[in-house]
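Protein chains: 2
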Amino acid sequence: MARWRPGARERLVLAAVDLFAEQGYDTTTVAQIAERAGVTKSTFFRYFSDKREILCAGQQALSQLLTEGIAEAPENATPLEAVAAGLERAASAMGPMNRELAPRLKAAIDANTELQERDALKRVGLAAAMTEALRARGVPDAPALLASELGVLAFKQGYAQWLQAQPDTLLAPYTLAALEDLRATGRSLA
Amino acid sequence: MARWRPGARERLVLAAVDLFAEQGYDTTTVAQIAERAGVTKSTFFRYFSDKREILCAGQQALSQLLTEGIAEAPENATPLEAVAAGLERAASAMGPMNRELAPRLKAAIDANTELQERDALKRVGLAAAMTEALRARGVPDAPALLASELGVLAFKQGYAQWLQAQPDTLLAPYTLAALEDLRATGRSLA
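Respectively, the protein sequence lines represent chains U and Y. Just so we're aligned, residue 1 is where the first sequence starts under the UniProt record's numbering, counting upward by one. Just so we're aligned, residue 1 is where the second sequence starts under the UniProt record's numbering, counting upward by one.
Treat the hints with care, as some may be off.
[Claimed, not checked] Computed, partial: chain U to chain Y, Cβ under 7 Å:
| # | residue |
| --- | --- |
| 1 | Ala71 |
| 2 | Pro74 |
| 3 | Ala147 |
| 4 | Arg183 |
Bear in mind the hints are in silico, worked out from the structure with no lab data behind them. We put the CB at the ideal spot given by N, CA and C, even for glycine.
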């Protein structure tokens, strides 16, 4: 299998995250990110309006995939089956760029309280988007909220396991297995 | 019942949160907080090392109460019963100051992305502390993690309902009812 090669957009994201890890988010400038990525500042601005957007872009895409998957699940799907459909849709968009990015992003987040706070808010945002998508299917508030929380936990746990697996492995089986584990754990707790 | 009257520490917290809501967290200074609270700057520094600590102090106290309650639950308590013990312990420390503070804190958080991010991280921190306390009781990782997430959700939901209730109402019944609802919802989802 040919080695994955990042385009300009991917190089900008990787360069930004590395710089955030090395010197902090606040002190990193757009000029530094562009230089590290080997592109001009105007190329940066073709892809992103500012450095903050680099962190938000991935979340928006993920949020959209999760909610689309939930919306398009079969009409008779249970709330957790709809969440599983969202996880599958999201997983289908994750590939070598995510594998490349994940450990660097983790390093940047571990090193920086501000990024930890953003990452935590991202999780809240994903859960809220999934809750909304479940409500739109007619799921009542309480199960919509809990199923979304389980979905976010499953995504997080499955993603972490996937990163440890062989490079050619698909993400979906990991997130779906994590959701099934959470369901079983929930049953034993209840 | 006599009206609750805040001491210097409480006045500083209320003044700080009001100023964060009015003009943002970043632009608020310790001098402004002290002035609004009607105390000197040196009084401020008797209670807090900086303005950030005003936001952290409540979380540390809450985290400690939750974990103490979990640690001291009866040996044969299930994970969710231990979490309920943590919620009861935490609720016992919540009184008129929290009722006074809560709507103002909500206004400050709603108005400020940075405070939203901190609030989200606070929730992650509470869940992590509860997970640790459950592990220390010998609860395996998966149920410890899920029971903690349910505990944090129950605290959040119960707290919001308590704020809507009559002033003399106790918090504990609300958080415990919310945990019981989540348990029942979890069972129906599974």
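Of the hints stated earlier, which fail here? Hints 1, 2 not satisfied by this model.
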